[in-house]
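Protein sequence lines, in the order shown, are assigned to chains A and B. If you use numbering that gives the first Met the number 0, the first sequence corresponds to residues 0 to 880, in order. If you use numbering that gives the first Met the number 0, the second sequence corresponds to residues 0 to 222, in order.
The set of hints was computed from the structure by calculation and includes no laboratory data. Source: prediction; values computed, not measured. Check before you lean on any hint, since a few could be wrong.
Computed far set for chain B versus chain A, every beta-carbon distance over 10 Å [stated by the list, open to error]:
| # | residue |
| --- | --- |
| 1 | A26 |
| 2 | F43 |
| 3 | L59 |
| 4 | V70 |
| 5 | A73 |
| 6 | G83 |
| 7 | G93 |
| 8 | T94 |
| 9 | E107 |
| 10 | A142 |
| 11 | T146 |
| 12 | A172 |
| 13 | R194 |
| 14 | F206 |
| 15 | P219 |
| 16 | L220 |
EDC-like, lysine to aspartate or glutamate: derived pairs with alpha carbons at most 16 Å apart [stated by the list, open to error]:
| # | chain 1 | residue 1 | chain 2 | residue 2 |
| --- | --- | --- | --- | --- |
| 17 | B | K61 | A | D208 |
| 18 | B | K135 | A | D625 |
| 19 | A | K228 | A | E92 |
| 20 | B | K113 | A | E92 |
| 21 | A | K236 | A | E84 |
| 22 | B | K135 | A | E84 |
| 23 | B | K155 | A | E84 |
| 24 | B | K155 | A | D83 |
| 25 | A | K185 | A | D136 |
| 26 | B | K114 | A | E114 |
| 27 | A | K6 | A | E349 |
| 28 | B | K155 | A | E629 |
| 29 | B | K61 | A | D625 |
| 30 | B | K185 | A | D513 |
| 31 | B | K185 | A | D143 |
| 32 | A | K612 | A | E629 |
| 33 | B | K185 | A | E629 |
| 34 | B | K114 | A | D625 |
| 35 | A | K612 | A | E92 |
For each residue, glycine too, the CB sits at the ideal point set by N, CA and C.
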Amino acid sequence: MEQPRLKIAERTAHLITQRPRLLWGILFALLLAAGAVIIGRSRLNSEVLDMLPRHFESVQIYKLADREFGSARELIIGLLAPSDEVDMDGFTEHFAASLRREKWVVRVMDRSPLEAPGGLADLRAVALPLMLNQGDDDFAKLLDTLQPDAITARLARLRAKLESGVGLSQAELEYDPLGIVFPALKSLRTTKLSAAADPLFRSVFVHCDQPDLNEPACAATMKKFEDFKKRVIAEWKGPAPEIFCTGRTPYVAEMASKMKSDITSTLASSLVLVALTFYAGFRRWKPLRAIMDSLMLCCILAIACGAAFYAELNMITIGLCAILVGLGVDFAMILYALYLHERAEGKGHEESIAAALRTHGSGIWFGALTTAAAFLCLLGSGSLGYEQLGVLIACGILIAAAVMMTFFWLFLGITLPRWLFKIILGVLACAGVVSVWFIATTIRSWSTNVWQNIISGAGLALLAMAAAHFLCKWIPRLSTIAMSRPWKLLAPACATFLALAIVAFAPIGKLIFDLNPRSLEPRNSIAGRALRTIMQRVNPSGIEPVLAVIRAPDAESLSASWQTAHAAWGKLTAEGGAQSPLLSSLSTPAGLATSPARMKANAAKLAAVDFSKATAAFDAALVASDFTPEQFTSARGLLTALGDAAQGRMNLVEWKRNLPESSAWWFLIDGFLSREHPIGIAHLRPAADIRTEAQAAALRSALALPGIEVGLSGWGYTLAELGPWSQRKMVQLTALMTGLNIVLLTFLLRAFKPVCILMLGLALSVGALIATLKFTGIALNLFNVLAFPLVLGVGVDYGIYIALALRSPDPSRELSALMKPVLLSGLTTVVGFGSLAWAQNPALRGLGLVCGIGIAWCLLATFIFVLPACALITRRKKCHP
Amino acid sequence: MSLSFKIRSLLALTLLTAAAHAQQLSAEDEKALLTRLREHRAQFPALTADFTEERTTHLLNKPIRGTGTIVFHAPGKFRRELKGTSPSLTVSNGTDLWIYYPNFSEAEHYTLGKKQFFDDSLAALTAGLNFHDVEKFFRVSPAREGTGWRIVLTPKSAGVRRLLTTLTVWLNAEAVVEKTDAALPKGDRIVTTYRNVRAHKTVEAKFDFTPPAAAHISTPLGD
Chain A
0 MEQPRLKIAE RTAHLITQRP RLLWGILFAL LLAAGAVIIG RSRLNSEVLD
50 MLPRHFESVQ IYKLADREFG SARELIIGLL APSDEVDMDG FTEHFAASLR
100 REKWVVRVMD RSPLEAPGGL ADLRAVALPL MLNQGDDDFA KLLDTLQPDA
150 ITARLARLRA KLESGVGLSQ AELEYDPLGI VFPALKSLRT TKLSAAADPL
200 FRSVFVHCDQ PDLNEPACAA TMKKFEDFKK RVIAEWKGPA PEIFCTGRTP
250 YVAEMASKMK SDITSTLASS LVLVALTFYA GFRRWKPLRA IMDSLMLCCI
300 LAIACGAAFY AELNMITIGL CAILVGLGVD FAMILYALYL HERAEGKGHE
350 ESIAAALRTH GSGIWFGALT TAAAFLCLLG SGSLGYEQLG VLIACGILIA
400 AAVMMTFFWL FLGITLPRWL FKIILGVLAC AGVVSVWFIA TTIRSWSTNV
450 WQNIISGAGL ALLAMAAAHF LCKWIPRLST IAMSRPWKLL APACATFLAL
500 AIVAFAPIGK LIFDLNPRSL EPRNSIAGRA LRTIMQRVNP SGIEPVLAVI
550 RAPDAESLSA SWQTAHAAWG KLTAEGGAQS PLLSSLSTPA GLATSPARMK
600 ANAAKLAAVD FSKATAAFDA ALVASDFTPE QFTSARGLLT ALGDAAQGRM
650 NLVEWKRNLP ESSAWWFLID GFLSREHPIG IAHLRPAADI RTEAQAAALR
700 SALALPGIEV GLSGWGYTLA ELGPWSQRKM VQLTALMTGL NIVLLTFLLR
750 AFKPVCILML GLALSVGALI ATLKFTGIAL NLFNVLAFPL VLGVGVDYGI
800 YIALALRSPD PSRELSALMK PVLLSGLTTV VGFGSLAWAQ NPALRGLGLV
850 CGIGIAWCLL ATFIFVLPAC ALITRRKKCH P
Chain B
0 MSLSFKIRSL LALTLLTAAA HAQQLSAEDE KALLTRLREH RAQFPALTAD
50 FTEERTTHLL NKPIRGTGTI VFHAPGKFRR ELKGTSPSLT VSNGTDLWIY
100 YPNFSEAEHY TLGKKQFFDD SLAALTAGLN FHDVEKFFRV SPAREGTGWR
150 IVLTPKSAGV RRLLTTLTVW LNAEAVVEKT DAALPKGDRI VTTYRNVRAH
200 KTVEAKFDFT PPAAAHISTP LGD
């Protein structure tokens with residue numbers, strides 16, 4: 000077994016030192032291929048729903064709602080006045096009128112569609128199908144109302160009532176002189192949505208002319224809106240309200256913008272922190288530059304792999320670079336430390352490289368394999384975003400292992416010519432000057448968040464440097480203690496870790512699982528704040544609504560399904576007579592989902608009406624009561640349209656096509672019905688928040704309809720279902736990773752006791768991690784529960800190096816060379832994950848924080864538990880061979 | 000001298016006379032007038048009057064004229080009886096409003112405080128009789144006109160502006176309402192002239208209404 004490994008190590012060292020041109024050629028070929036793949040294939044998407052497990056119906060329903068309903072392209076705007084000095088109606092009118100003039104706006108709704116500009120003109124297009132969709136009794140009344148005598152009598156009565164000066168007779172004459180529109184609109188009561196009662200608040204809905212739902216289109220829309228916001232406030236004389244904007248478009252635009260800032264901030268902070276930690280440990284620049292070059296190469300190749308596997312990468316994969324920097328540097332440090340050790344003993348360059356590869360090659364490959372396996376566990380998450388992250392990092396870590404054993408040495412050998420060095424120094428100086436100028440000009444506008452990041456970043460950098468500086472002096476001594484008096488380390492370590500394990504698994508403190516929808520938002524989300532501000536006014540109860548979707552094969556079935564659903568679900572409300580209501584309100588498309596068959600039958604019944612006589616009676620009544628005929632053209636047009644319907648000249652299925660795109664009625668229709676498919680969505684408000692899986696199941700059961708497939712969703716409902724699932728997933732993936740670790744360790748170490756010690760060390764580290772989470776109140780959420788298998792996969796690596804060193808012929812020598820690089824590689828991994836704590840993306844932030852803490856515990860456990868325990872069995876083995 | 004010049008001169012003279020006739024009050028006088036009106040209303044919260052109304056609406060070719068009586072009790076109670084060929088009775092006790100049409104034996108019931116636009120329209124209707132809190136909802140610009148005053152009320156909020164563009168109130172020397180002119184959107188207008196106006200400390204009028212048993216009752220705005 001030794002011979003082939005020796006050969007490989009020596010051959011690799013020979014290739015690096017003797018045939019560098021070949022390696023450079025391979026490198027350029029790799030870079031060219033990677034560049035072509037990245038440019039040609041990589042696209043980032045910021046779909047937050049891809050972070051959730053896709054097999055859940057509630058997640059699928061959300062995606063369906065985005066795709067099928069117009070609300071995905073809507074901006075929901077809240078206008079909130081600080082005091083009653085603001086003319087809210089006046090500002091809202093000004094705001095909505097200005098919006099209507101914008102080219103990027105298709106339609107605006109700031110009041111009921113009937114009162115909106117053009118609302119009356121569009122009323123016919125909506126009222127007519129609703130008239131034809133009425134039940135037999137109501138339609139019989141409509142037929143009676145259309146009789147010439149009835150028309151004459153009604154207009155005479157309205158004229159008399161108008162003379163009284165009060166009441167709604169004027170409104171009836173303006174909107175419904177025939178008396179057939181308002182009864183038909185009653186069916187829209189099923190679509191009742193809650194409105195804000197706060198006089199200092201107004202809501203405005205805007206449908207944008209957005210070509211698609213992707214991030215660039217959303218960002219472009221929000222740019223136009225922000226520009227509009229400035230202009231509309233500048234044009235308003237007097238105090239203006241605060242303007243809040245939310246909806247899918249603002250969320251996607253904000254997440255994408257924060258994603259871009261996350262890419263730079265996490266990668267830059269990770270590189271800086273790793274570099275500082277390395278420098279504090281080794282006090283050398285040249286290897287640091289070589290490591291940075293290698294890490295950049297790893298990132299490029301890993302991204303190219305990701306782009307090759309997936310056509311579109313989710314935003315979470317941006318965390319790849321920061322994690323990879325933290326993990327990849329480990330291999331370089333382990334190898335470089337031994338290389339230095341060999342060189343110090345007088346060996347040559349090639350020989351030292353070969354020694355480093357020979358000694359740590361297998362450890363690095365197994366470390367890389369366990370880490371890759373840990374990240375591949377994310378394939379079991381069911382979330383596309385996490386799957387991509389897992390695959391990318393698994394590829395990245397294997398690439399890092401290969402790069403650090405080959406190209407790293409190539410980069411290490413580069414000595415820059417003096418002129419190039421001077422140029423680089425000059426460029427760096429210029430960059431420094433530009434940075435100073437940039438800081439000086441923007442420092443006043445830096446938000447609290449930026450300052451927090453700077454302060455915490457500087458704190459972490461100082462801490463990492465101090466830890467690297469002091470621990471590098473102190474940690475190597477541990478190997479001597481461990482070899483001579485292992486119980487001196489083992490006894491306090493066991494006591495401490497056992498105490499922490501008791502805290503972790505006993506009912507002391509509480510591990511927080513945050514299932515609030517806010518936990519899915521980016522930090523300080525503007526769209527999130529706007530949503531909460533608006534919801535506080537529109538829905539003061541704060542109860543998350545539940546979305547119910549019914550898909551049908553055709554319009555007829557859809558209509559029947561929604562009639563059944565509305566009738567059945569209405570009984571679950573207090574108004575419907577429920578003793579303990581499950582729903583506080585419901586808003587369904589039952590009134591809008593028309594039945595083509597019923598409409599056709601009713602249209603046939605219209606043949607009984609003589610429309611020429613009805614129109615003549617209407618005209619005569621107008622003259623008799625001295626009405627102005629031109630004010631009643633809409634009603635006259637309605638009579639003509641009904642006449643057309645009677646003769647079969649109306650599209651009974653696609654009646655919505657008659658409505659202009661600018662009509663505010665579309666807000667109502669698009670909010671409930673898909674334009675393309677027979678799909679409808681209802682908005683249900685439960686009597687109490689859905690917080691548990693049992694409550695979600697109870698609601699699902701109560702809303703079930705025989706023969707009708709109902710899909711439920713909503714953030715509260717979805718999280719209630721996903722919470723227990725994520726906890727189960729955490730246990731399953733942790734068990735899977737534990738099994739994988741056991742298999743790999745058994746294969747590598749081929750001894751029972753070291754495997755047991757390493758696994759026990761990991762178990763104690765996880766216990767300490769849970770105890771830390773309990774003490775600090777750091778909450779687990781849907782995203783960071785997956786950190787546990789990652790901690791197991793990454794944390795085991797340090798133990799592997801220690802266990803392998805203790806199995807060598809001269810453990811003391813091996814350990815003395817290994818302690819510092821293991822410590823530094825652990826610290827760089829911790830700071831690599833820790834740098835994700837600056838990410839605004841909640842998935843990355845949570846994952847980074849929990850992984851950072853977990854790996855820090857693994858590192859400590861390696862030094863104070865695994866090392867002395869393995870040393871103990873090594874010593875016993877020597878005593879009793 | 001051409002005819003157009005004569006017309007223009009006549010128009011200019013009329014405007015000059017009107018300007019001289021209606022003298023804008025200083026801020027101090029305006030405040031004093033409003034205080035006086037409020038004190039008068041506090042002293043005599045009730046008012047009875049006969050009225051003649053001319054209503055011009057874009058829905059009709061010619062204006063509607065009607066006469067009737069009104070009993071008002073601050074802040075929000077009133078009983079308005081319209082006589083003639085299309086009689087009606089409108090009664091509000093501050094929380095409920097009834098409109099009864101005897102010719103049709105129909106009654107409409109509205110609950111106040113539920114629909115903002117309806118409350119606003121009622122507030123606009125009674126603004127000329129009730130100067131309590133008038134500055135909260137209207138921009139007030141009073142002017143001296145003859146021995147009395149002319150007060151133009153312009154709604155502050157766009158919500159009320161949708162129902163009422165301006166309301167002009169003429170008061171006599173005793174600060175008793177003589178005439179109101181409500182300019183409404185779409186060119187509509189209601190001019191009401193009051194006669195036999197009497198202020199009272201209390202009034203024996205029924206502000207509650209029970210429709211006749213045979214009347215058909217409707218609730219146009221819902222319950």
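Taking the hints in turn, this is what the structure says about them:
1. A26: Per Cβ check, A26 of chain B is outside 10 Å of chain A; nearest 19 Å; holds.
2. F43: Given that every Cβ of chain A is farther than 10 Å from that of F43 of chain B, nearest at about 25 Å, it holds.
3. L59: Not fine: 5 Å to the nearest Cβ puts L59 of chain B too close to chain A.
4. V70: 15 Å, holds
5. A73: 19 Å, holds
6. G83: For G83 of chain B, whose nearest Cβ neighbour in chain A is about 8 Å away, the distance does not exceed 10 Å, so it is violated.
7. G93: Answer for G93 of chain B: holds, closest chain A Cβ roughly 15 Å.
8. T94: Given that every Cβ of chain A is farther than 10 Å from that of T94 of chain B, nearest at about 16 Å, it holds.
9. E107: 6 Å, violated
10. A142: Holds, because the least Cβ-Cβ distance between A142 of chain B and chain A comes to about 24 Å, which exceeds 10 Å.
11. T146: 30 Å, holds
12. A172: The assertion about A172 of chain B holds, with a minimum of 29 Å to chain A.
13. R194: 18 Å, holds
14. F206: Non-interface label stands for F206 of chain B: nearest chain A Cβ at 15 Å, farther than 10 Å.
15. P219: 5 Å, violated
16. L220: 8 Å, violated
17. B:K61 <-> A:D208: Given pair K61 of chain B, D208 of chain A is violated - Cα atoms ~46 Å apart, limit 16 Å.
18. B:K135 <-> A:D625: 39 Å, violated
19. A:K228 <-> A:E92: 14 Å, holds
20. B:K113 <-> A:E92: 22 Å, violated
21. A:K236 <-> A:E84: 12 Å, holds
22. B:K135 <-> A:E84: With Cα atoms ~10 Å apart, K135 of chain B and E84 of chain A stay inside 16 Å; holds.
23. B:K155 <-> A:E84: Given pair K155 of chain B, E84 of chain A holds - Cα atoms ~10 Å apart, limit 16 Å.
24. B:K155 <-> A:D83: Between K155 of chain B and D83 of chain A the Cα gap is close to 11 Å, so the pair holds against 16 Å.
25. A:K185 <-> A:D136: At roughly 14 Å apart (the allowed maximum being 16 Å), D136 of chain A and K185 of chain A satisfy the hint.
26. B:K114 <-> A:E114: Holds - the C-alpha atoms of E114 of chain A and K114 of chain B are around 15 Å apart, at most 16 Å.
27. A:K6 <-> A:E349: 13 Å, holds
28. B:K155 <-> A:E629: 32 Å, violated
29. B:K61 <-> A:D625: With Cα atoms ~7 Å apart, K61 of chain B and D625 of chain A stay inside 16 Å; holds.
30. B:K185 <-> A:D513: 56 Å, violated
31. B:K185 <-> A:D143: 32 Å, violated
32. A:K612 <-> A:E629: 19 Å, violated
33. B:K185 <-> A:E629: 14 Å, holds
34. B:K114 <-> A:D625: At roughly 31 Å apart (the allowed maximum being 16 Å), D625 of chain A and K114 of chain B break the hint.
35. A:K612 <-> A:E92: Between K612 of chain A and E92 of chain A the Cα gap is close to 42 Å, so the pair fails against 16 Å, i.e. violated.
This entry does not satisfy hints 3, 6, 9, 15, 16, 17, 18, 20, 28, 30, 31, 32, 34, 35, going by the numbered hints stated previously.
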